[in-house]
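Colleague: Chains A, B, C and D, in that order, give the protein sequences.
Going by the numbering used here, the letters in the first sequence line up with residues 1 to 594, in that order.
Going by the numbering used here, the letters in the second sequence line up with residues 595 to 833, in that order.
Going by the numbering used here, the letters in the third sequence line up with residues 834 to 992, in that order.
Going by the numbering used here, the letters in the fourth sequence line up with residues 993 to 1121, in that order.
Don't read these hints as lab results, they were simulated from the structure.
One or more hints might be untrue.
Unchecked claim - Between beta-carbon pairs, the in silico distance windows are:
no., chain 1, residue 1, chain 2, residue 2, range
1, D, His1028, C, Leu982, 18 to 28 Å
2, B, Asp701, A, Lys128, 45 to 55 Å
3, C, Phe928, A, Asn124, 48 to 58 Å
4, C, Leu844, D, Thr1042, 40 to 50 Å
5, D, Val1093, C, Leu844, 24 to 34 Å
6, C, Ala908, A, Asn155, 36 to 46 Å
7, B, Asp701, A, Glu272, 47 to 57 Å
To be verified - Taking lysine-lysine and the DSSO-like style, the derived pairs with C-alpha atoms no more than 30 Å apart in a straight line are:
no., chain 1, residue 1, chain 2, residue 2
8, B, Lys783, A, Lys154
9, A, Lys563, A, Lys590
10, B, Lys683, A, Lys468
11, A, Lys246, B, Lys596
12, A, Lys128, A, Lys332
13, B, Lys596, A, Lys468
Claimed, not checked - Covered, in the sense of this in silico footprint (three residues per stretch, anywhere, with C-beta under 8 Å from a C-beta of chain C), are these stretches of chain D:
no., region
14, 1008-1022
15, 1060-1071
Quick reminder that beta carbons are idealized off the backbone N, C-alpha and C, glycines included.
Listed below, chain by chain, are the residues.
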Amino acid sequence: MKPIIHTHDAIVVGAGGSGLMAALYASRGADVAVVSKLYPTRSHTGAAQGGVSAALGNNEEDRWEWHAYDTVKGSDYLADQDAVDVLCKEAIDAVVELEHMGLPFDRFPNGKISQRRFGGHTNNDTGKPVMRACHAADRTGHMILQTLYQQCIKNEVNFYDEYQVVDLIRVDDTIRGIVAIEISNGQFHIFHGKAVIFATGGWGRCWEVTSNAHSLTGDGAALCLRRGIPLEDMEFFQFHPTGIFKLGILITEGVRGEGGVLINSEGERFMEKYAPSIKDLASRDVVSRAIFLETKAGRGINGQNYVHLDVTPDTVNHYFKQDGYTDRHIDKEYIEAKLPDIADFTKTYLGVDPTVDPMPIQPTAHYGMGGIPTNVDGEVLLNNDTVIKGLYAAGECACVSVHGANRLGTNSLVDLVVFGRRSGMKVADYCKDAELLPLPEGSADEIMAEFERIRNNTGSVKHHDIRKEMQATMTENVGVFRIQENMDAAVVELAALKKKYVEEMSIDDKGALFNTDILEAWELGCLLDCAEVTAVSAANRKESRGGHARDDFPERDDENWLKHTMCYLQEDGSLTIDYKPVVIGRYEPKPRVY
Amino acid sequence: MKASLRVKRYNPEGGGKPHWGEYTLDGVSQNDSVLDLLHRIKWEQDGSLTLRRSCAHGVCGSDAMRINGANALACKTLVARLGSGDNVKIQVEPILGLPVVKDLVVDMEPFMEHYRSVMPFFINNDNVPEDGRERHQTIEDRERFDDTTKCILCAACTTSCPSFWANGKYVGPAAIVQAHRFIFDSRDKGAEERLNIVNEQFGVWRCRTAFNCTNACPREIEVTKAIAEVKMAITNGII
Amino acid sequence: MASIAGLRTTLVEGVRYRGNIGHWSWVAHRLTGLGILGFLTIHVWDTANATFAPHIYAWSIDVFKHPFFGVGEVAILGAVLYHAFNGLRITLLDFKPEWWQYQNSSARWVWGVFILVFAPMGIYLLISIFTHCADIAAEGASCWVLPSLADYPLSDYRN
Amino acid sequence: MASATKQVTTNENFERYAYLFMRLSGIALLFLAVGHVLIQLILNDVHNLTLQFVADQWSSWGWKAYDSLLLMLAVPHGYNGLRNILEDYIHNERLMRIISVLLTVFVIVTVIYSLIAIITFDPASVPRG
Ligand SMILES: Cc1cc2nc3c(=O)[nH]c(=O)nc-3n(C[C@H](O)[C@H](O)[C@H](O)COP(=O)(O)OP(=O)(O)OC[C@H]3O[C@@H](n4cnc5c(N)ncnc54)[C@H](O)[C@@H]3O)c2cc1C
Ligand code: HEM
Ligand code: SF4
Ligand code: F3S
Ligand code: FES
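When you get a sec, could you build the whole thing from the sequences and use the hints?
Modeller: Written out as structure tokens, the structure reads:
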């Protein structure tokens, strides 16, 4: 079967918040195709709950500079501060623009967009949590995704739904397009264009317990890596403190924003010890580590590795009083109105009504701070300072870097809209002048051969077995706390798994129609690549910073490690590491206390 | 405990006919979802079993299927809800009224076409406020359409509707829910156009108030209520 | 690809679908509506005969006294009662969207009230079929024999 | 700020009024049809029904009016219902249009024919027996 060729100015890969935002803006000046393996509204942006931050100051004083400082501090000073300034300044416009597109934000009594408190977001003068997270109940991501998709329909953007992108066509230092499989019938397609924007989301499925969808397998990052693009800061992966025990389903930080507290087996609000001033609303890496330490010290509920997240009105009001909030008081109805979906999840999956009983939670693999390196216009970097023409990335798969070593809650959605928009505009601009470079002969041959290989490989191992082993080793060795020996073991084991993947794996479904067996097998390859880069980058960084916490190097080491990791895949399959300096601006690194 | 699953299989490639696949799983827990069980079949027994899924917790709308006779999301249907005892019997089929592509996967295009037909996007060409900030909306006005913003386009409602089974031209409850979301948004200016679309022959009037949609909706949207509100808006000329 | 909805889907899968009670109310409403309509059509045209061909009308009245039609009449009574009560329920739910939460309970109420009203009447009518047949048998005839139109000369029925 | 309602005008179309007619006529039929059935079947045993009985009833203009109204509502209600059902299952638009026209003609003929029967019925023509 010969691949079918389509030509568009720009090709957006992925239809989550970032992909749709980019498509919307790019389509104002160029002919855009959005190619996505899921129907757009099924992208994982739809799972985002808590909110999108912007210093609107709708209810109390707030400034974008405060937002920027919080972001930099949250990043453990690894974020590039010029990019952070862009993020926080443009967040205000971007959020207002979403409202103009019809996004149904919750409202304050004065009719303005409602905002709530969120981890790490503070009033810089008082150090107290500030109301910065704009939200639509606890389904903010869902509303962003729906709104953007709706606007794309309105603007008649071209969608290729359920087409899985499996290769990037790069010729020297130019990009010519991508190769995709039409999932429903197995047909290969080549999308020939002037520009490609990757917006494929995260790779949380490298770990066992994760808040990420089954579809988040790091395809975009892996494809870039395989075509010679480095991956930046991959060792920094965020473990969200409050995932439902064993399932990993996320319980938004908004629960704590509304007053919820973490309680150990002794009934103690343990965050008071770890972050005396903002307690349960400390930034995520801090809280996850605290939970880990509590359970390790035997203070997990029933001796197991989980603690309770308690948002029952009695508990919450008790601590409000203790914290001196005289004006705050909540009741059952308030919780139900503000956190309806959370209540639905815990009732469905745990049989727990959060207004009556506490929820069992544990840290869950959540968000990749690293990814495909870009500048503030979404242009992908070939190395520390050269841009590769025609290639862009935005959203979770990209690393601008605004999140550094640890992302603040709500800052991902901001990232999607701000940098999705910027890259969209940049692409529209680029396509105006750029010429369509010819498609090389046989652009799809290599990947088609790879699929034939997977299809026909004989062996006794199923992709699921390899996936389970990878997840086990990543959880065990490259999790919340890390030590050298374990990370090294993970690197070795991942290499062995990759070998197994090539040599011993076989699939059951040999057909062409909607073959999810072969696609899952191929996705596993992407996961293995992302896992390996993560493990290698982690083993290399000999300090603790943000999401990368080491027992053997417990301190942050600005002298040696205030730099970004850039990991390259070499021709021979080995990974090499280089570094990129961090852009420091107004905020000099200092110790991080909450 | 054990679970015995009967899954409707169909692979037209090579002229296959629809048939039941029978699978037994050991070590099943009350808290497993049907998606977990289908995954186990796919990963441990037969990799060719085909279904859609993504988020695994009921927010993406990928895995609507007919479980023990009624539409539901596989990832949100726990074994505990389907039976107790040490051998739970579970029957899984694709949703009705859309062409089956393979096994549990149906062609969503007719459904999406209806969705797109109701102008499911915000319309307001007035100038934005002078300060460049957001339009205002009262809490009550926002509440008015809250329920219908929850829709994840899973198609469980439309494919449970006897009117849709009978005639695929019926725009279907999901599209009406989407229209409702905008019609009752105080900021939106496209209400009349949308009302006219669902006022057509195969619009809201095809709804026979059977309530299958409401019962099937995994987001617990009050679907029939929304449809009735649209009917009344047309009838009374007031929204 | 177009949707594959149609009569077959409804007939085969509509019965297999495990909807809630509202689903079965819909099925019953549709069937009773059709049933009544069938009867009504015959009934209307037949009744017009009272004016235009009274002898045929008189004959048909006697035909309808056959136990077969007697049972049919019981069914029609049931159909009208159910269809009427459920029709009211549907109308209220359409006109009062906010009452949607009573969908299940109202459907159960409709079935309950229907049975309460229909059962005694149905039994009464069934008994009267028996007594009718018994009366005729006492006269030495049989209620199972259909009258012949030839026995109904027009002159007997029009002045 | 209080929430305000908006006035809207929408296209006139047949389906919308047909829908309304089904519901409103249904409510009227709730009394007319159920009443009719109860009177015919229960209050007057079917087995006592004769032409004479009809003559007695239609000697009153009140009953003539009752039955006419019932006729004019029930027949269109029933046939519109039938049209709805057929429209569900018959997807050929031309065929369906033809059927609709036939049904309409049939409804009109039936109603007019029966109305004439009711109105022109002369109780005196029935021999007292
Ligand atoms: C449970 C949860 C809650 C969260 N809550 C918040 C929050 O409250 N606030 C916040 O700021 N952030 C939150 N986040 C983080 C944030 O939601 C995500 O980081 C963000 O949505 C990622 O968006 P994206 O556009 O990059 O990718 P996604 O939305 O993940 O979309 C990826 C897209 O890429 C497509 N794709 C992937 N691979 C391929 C391929 N090979 N070919 C074609 N298409 C492909 C997919 O189909 C999909 O359309 C949350 C995350 C999770 C998991
Ligand atoms: C006695 C009181 C009656 C009431 C309250 C009533 C009410 C209704 C209502 C509200 C509907 C609309 C259903 C819908 O669109 O989903 C309907 C449909 C229907 N009615 Fe009636 N009706 C009554 C009597 C009759 C009679 C006497 C007939 C027969 C002539 C009849 C035949 C039908 C038919 C065929 C349908 C279509 C059913 C369907 O669409 O599934 N009804 N009725
Ligand atoms: S209304 Fe409910 S059932 Fe229907 S598509 Fe939306 S979420 Fe699914
Ligand atoms: S099931 Fe169908 S008939 Fe109406 S109430 Fe729901 S759309
Ligand atoms: S997998 Fe997302 S809804 Fe079930």
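Colleague: Now look at each hint and say whether the structure bears it out.
Modeller: Evaluated hints:
Taken as a hint, the range 18 to 28 Å holds for the pair His1028/D and Leu982/C, whose Cβ atoms sit roughly 27 Å apart. Take Asp701/B and Lys128/A: their Cβ atoms lie about 54 Å apart, and the range 45 to 55 Å holds. The hinted range of 48 to 58 Å is satisfied by Phe928/C and Asn124/A, whose Cβ atoms lie roughly 56 Å apart. Judged by the Cβ atoms, the range 40 to 50 Å given for Leu844/C and Thr1042/D holds: they are separated by roughly 42 Å.
Hint check: Val1093/D to Leu844/C, Cβ distance near 27 Å, so the stated range 24 to 34 Å holds. The beta-carbon spacing between Ala908/C and Asn155/A, approximately 58 Å, falls outside the hinted interval of 36 to 46 Å. A hinted range of 47 to 57 Å holds for the C-beta pair Asp701/B and Glu272/A, which are about 56 Å apart. A distance of roughly 14 Å separates the Cα atoms of Lys783/B and Lys154/A; the hinted pair therefore holds under the 30 Å criterion.
At roughly 15 Å between alpha-carbon atoms, Lys563/A and Lys590/A fall within 30 Å of each other, so this suggested pair holds. For the hint linking Lys683/B to Lys468/A, the alpha-carbon distance of about 28 Å falls within 30 Å, and the restraint holds. Restraint check for Lys246/A and Lys596/B: satisfied, since their Cα atoms lie roughly 21 Å apart, inside the 30 Å limit. Straight-line distance between C-alpha atoms of Lys128/A and Lys332/A comes to about 25 Å, which keeps the hinted pair within the 30 Å bound.
Taking the CA atoms of Lys596/B and Lys468/A, the gap is about 23 Å. The hint holds against a cut of 30 Å. Given as covered by chain C, the region 1008-1022 of chain D passes the check, having 5 residues with a CB less than 8 Å from a CB of that chain where 3 are the minimum. Counting residues of the region 1060-1071 of chain D whose beta-carbon sits less than 8 Å from any beta-carbon of chain C gives 5, enough to reach three: the coverage restraint holds.
Going down the numbered hints, you'll see the structure goes against just number 6.
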